[in-house]
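With the hints as your guide, set chain P onto chain C.
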Amino acid sequence: MLYFSKLKLFIIYFIIIFLSLFSFVNFINIKESSILSKKVNLGLDLQGGSYLLLEVDSLPIINQNLQQKVLNLRKFFKKNKIKYQNLKLVNQSINFQLFDDVEKFVELFLDKNNLINFYYGKYRSYEMNHLIENSNVKIEYSKYGLIELKITALDQSLEIVRRRIDEIGTKEPTIIQRGNDRILIELPGLEDPNRIKKLLGKTANLTFRLISETEDVFGSELLSYENSNDQLNVSKRVILSGDSLINAQPTLDRQTNEAVVSFTFDRAGSKKFARATSNYVGKRMAIILDNKIISAPVIREPILGGNGQISGDFTFQSATDLALLLRSGALPAPLNIIEERTVGPDLGEDSIKAGAISLLIGFLLVIGYMLFKYKLLGIIADLSLILNLVLLIGILTILEATLTLPGIAGIILTIGMAVDANVLIFERIKEEMKIEKSNIHAFDSGYKKAQSAILDANITTLISAIILFFMGSGPVKGFAVTLGIGILTTLFCAYFFARHLSSIYVMKNRDKRIVI
Amino acid sequence: MIFKLSTDIKFSYYYKKLNILSSIFIIFSILVLLFMGLNLGVDFKGGTLIELRTEGSTITIADIRQSFLKMNLGDVTVKKFGKENDYLVKIEITRTDDENFIKSINDKLSADLGTVINFRRVENVGPKVSNELLRAGLLAISLSLAAMLFYIWIRFEWQFSLGAIIAIIHDVIITVGIFSFLSYEVNLSIVAAVLTIVGYSMNDTVVIFDRIRENLKKYSKMSISDISDLSTNQTLSRTLITSVTTLLALFSIYIFGGAILKGFSFAMILGVIIGTYSSIFIATPILNYTKVSQKTVLKENTENN
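If you read the protein sequences in the order shown, they are chains C and P. Under our numbering, the first residue of the first sequence carries the number 1, and numbering increases by one thereafter. Under our numbering, the first residue of the second sequence carries the number 1, and numbering increases by one thereafter.
Calculated from the structure, these hints are not laboratory results. Heads up, a few of these hints could be off.
Stated by the list, open to error - One side only, chain P facing chain C, incomplete, derived with CB under 7 Å:
1) Glu-123
2) Gly-126
3) Leu-143
4) Ser-144
5) Ala-147
6) Leu-195
7) Gly-199
8) Asn-203
9) Val-206
10) Thr-245
11) Thr-246
12) Ala-249
13) Ile-253
14) Gly-257
Said to hold, decoys possible - Result set (DSS-like, lysine-lysine): computed pairs, CA atoms no more than 30 Å apart in a straight line:
15) Lys-39(C) x Lys-262(P)
16) Lys-150(C) x Lys-69(C)
17) Lys-353(C) x Lys-83(P)
For every residue, glycine included, the Cβ atom is placed at its ideal position computed from N, Cα and C.
Just chain C, with the same shape it has in the complex:
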C-alpha cells in the first residue's frame, strides 16, 4: 500500500496541479473566453436576485379551444348531414344529442385523418375522449390532448416571456421550461422584482372595439376602466387586436406633454383601421387591454397611415412598460406566479461574509484539533484537508457549479467529515503498531485494513447526497453538490495524497519510534 509507481505519482500530482489551477483562477481576473476564465457561480441567495416559478393557467385556453370546437362540430355535422340537438359546452365538456347517426358519427370521429379529433401517433391517443350513453354524446379532452394543449401554450408563453425579459435587459436571466405547464425564471442581481412580476402578470391582450350606444346584451359587455371604476358598454366585435401591431414605443405627446404609447399597424391592420375610422367618425373607440379600458377616445377623423397613439394618464414608466408589452405580444394564457424567492443584494453579501467566516473558523478548528490529536501525522491530515478544499473548489469551478449558502455549509461539513478517512487510517496504524514490529508494515496494513470501512462510510454519505441532488431544489441542491463532490475529493486526498506523504514519512523514520 505504501509503494507508488512513478506513473501513478505523475498522474496524482498532475490531477492535483490541474485542479488547483482552476481553484485559484477564482481569485484572479482572467480575460474572458480563455479556458481559465471559468468561475464558480454564486447562487441567487448569495448574489441576490429573484427566482420565479410561473404556471400557465390553462383553463381559459381549454375553454377557448372548446368553444372553437363547438363551432367546428356544427360545420362537421352539417357537412356530413348528421342531425343533432342541444349542442352546448358544460364545464370543459361538449354535450349533444344525436338521432340515428351514432355509428356514423363514431366512425368519422375516430377516423385518423379527421379534422375534429386529432390523432397523436406518438401517444397512440386521440385529442378528445368521447362517451356515448344512448344517444347522448359527451366529448372532452383526453389526457394527451390536454398535455399537447398545455405544451403548445407553454411554448408560446416561453417565447413571449423571453421577449419581455430580454426587453427589460437584466443580466444573464435563466428562463426554462418545467414540466408541462410551468416556467422557471432566475434573475440574478435583480433588486426589485416587482416590475418584472407586473410585466409577466399581464397577458397583454389588446383590442380596439367600438363603444356601443344601445344596451344590447348579446353584442356588448360592460367593461371598467383600468384606473377607475367607471364603466362603459363596449361592443364585443373586435375591430383590431394587438396581433396587428408591428411596433410600439413610448413617446411624449407634443401638445399635451403627456406620456403616450405610439404604435404602428402592419399593412393589413392599417387598412382595417383606416376603414373602421372612416366609417365611424364621431363615435368612440375603446382601447382595451386584458378586459380593462385604457382609453376611449372619439374618432375625430379617419386614421389612414396605420399609426396611432394611446393616451391614458401614463407616467413615462408605465407608457414604456405598455409599449414593451405590446411589442412582445400577448400571452396565450394568464401566467400565475406560484413560487417566488427574492433575496436582496445586501443580504446576499451578508450571507457570503457569514459563510466565509464560518468556513474559516470551522477550518481552523478542525486543523487545530487534528494537530493536537496526531502531532506530526496531524500535519499530513491537515495538508490533505487543505488540498481537499482546493480540489473541491477546483472541481466546482470546472463544472461551473452554482455555490449557494447551504452549499458553503456543505463545504464546511465536508471539512469536518473529511478527516474521518485519515482518522480511520491513523487509528488503525496505531493498533497495528502494537502487533507489528516494523513501522512500514504497520502503516501498510493500517491503510489496507481501514480501506473497507472508509469506502463503506463514504458511500453511505454519497447516497444521501445523490438523492438530495435529484430531489432537492435551488439552494438545497447546492448543498448536495458540494457534499457529493467533497466525498470524492476526500477519498482522493486520503488515498493518494495523504498516503504518499505518509509513505515518505514512514520511509524516513523506518527505524525510529513513531508516536501516534
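For chain P alone, coordinates are given in the frame of chain C:
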C-alpha cells in the same frame, strides 16, 4: 509504554438500560409529533415569508405585528431574526394572482411605521408548490432510507441491516421530535439536514459493524457481547474524533453562519450527537439480540465465494 492503552469500557452492560431510555424518547417524540405536530415553514405549508430590516431602532416587534394585523392577512408571526433590527415575518396566505401583493405590503408597512422598510428576503410559496415540496421531501427521506437499507443488505447480513436501519429511524424520529417539541421551523434545509444525518449515522454504524465482522471472523470463541465491546472500544477513538471534528465544523456554521443556516446546523448537531450514540447503543445491541455469531458472517463468505 509507547501506546496509550485503548479503552476498555463494557458497553454491553449499559445496553438494556439505554435501550429502554431510547424507547421512551422515541415514544415521547412520536407523541409530541402527534399532538404538537411540526412547525412547517412556507416551503411546506405555503404562505409568505419576509425577512425585513428596520432602520430606526425605535420600532418594536409589537409595532410590526400590529401593522401586519391591520392588513388582514390571516395568521401572522413576527420574530427577531439574527441581528438587531432584523425580523422574520411569516404570513399564512399568499396571493398568486396579484403580482403587487408584496409591494402593497411593503407600502402599507412603510407608511404605517413611518420609515422605509427594507425587505431583504421574500419567499412566496403557493399551496400547490408547497404540497409538491412536502411530498418530494418525504419521498427523498424514504428513498434515502431505502437506499441505505439496500446498500447494507448487499454488504452485510440481515442482522446488521436491521441494526443499522433501526438506529437510523431512531435518529430521525428523535431529531424530528425535538424539532416538534421546540416548535422549530421545518423547511427545505431541514430535509437536507435529515438526509445528511441518515448518511452520517449510517457511516458511523458501518465503521463499527465492519470491525465486528472482522473480529467475529478472527475470534471464534468470543461471545457476541464481548466482540461488540471489543469492536466498539477499538473504534471508539475514531468515533469520537470524527464526531468532534464534525461538530466543530457544525458549531462554526451555527454560531457564525448567519441566521439562515441556524436551523440546518442545529438539526445536524442534534443528528451527529444522536447518530454517534445510536451506532454504539442501538445498532450494535441488535446484533446481540439477534444472536449474531461467527457462523453468521462465515456463511456470508461462502455465499460470496
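Checked hints:
1. Because the beta carbon of Glu-123(P) sits about 5 Å from the nearest beta carbon in chain C, less than 7 Å, this interface hint is met.
2. The interface hint given for Gly-126(P) is met, as the beta carbon of that residue sits about 4 Å from the closest beta carbon of chain C, less than 7 Å.
3. This hint holds: Leu-143(P) has a C-beta 5 Å from the nearest C-beta of chain C, less than the 7 Å allowed.
4. Given hint, Ser-144(P) at the interface with chain C, holds; its Cβ is 5 Å from that chain's nearest Cβ, closer than 7 Å.
5. Taking 7 Å as the C-beta contact cut-off toward chain C, the hint placing Ala-147(P) at the interface holds, the least distance being around 5 Å.
6. Using the Cβ-Cβ criterion of 7 Å, the hint placing Leu-195(P) at the interface with chain C is satisfied: the shortest such distance is roughly 5 Å.
7. Annotation: interface hint on Gly-199(P) holds; nearest CB of chain C at approximately 3 Å, less than 7 Å.
8. With 7 Å as the threshold, the beta carbon of Asn-203(P) comes within range of chain C, its nearest partner Cβ sitting at about 4 Å, so the hint holds.
9. Using the Cβ-Cβ criterion of 7 Å, the hint placing Val-206(P) at the interface with chain C is satisfied: the shortest such distance is roughly 4 Å.
10. A distance limit of 7 Å between C-beta atoms decides the matter here; for Thr-245(P) the minimum to chain C is near 5 Å, and the interface restraint holds.
11. Contact between Thr-246(P) and chain C, as hinted, is supported at the beta carbon level, the nearest pair being about 4 Å apart and thus within 7 Å.
12. A cut of 7 Å between beta carbons decides the hint on Ala-249(P): the least distance to chain C is about 3 Å, and the hint holds.
13. Restraint check, Ile-253(P) versus chain C: the minimum CB separation of about 5 Å is within 7 Å; hint holds.
14. For Gly-257(P), the suggested interface contact is upheld, since its CB lies about 4 Å from the closest CB of chain C, less than 7 Å.
15. For the suggested pair Lys-39(C) and Lys-262(P), the alpha carbons sit about 28 Å apart, so the restraint of at most 30 Å is met.
16. Proximity of Lys-150(C) to Lys-69(C) is assessed by CA-CA distance (about 16 Å); at most 30 Å being required, the pair is judged to hold.
17. For a cut-off of 30 Å, the pair hint linking Lys-353(C) to Lys-83(P) stands: about 14 Å separates their Cα positions.
Violated hints: none; the structure is consistent with every hint.
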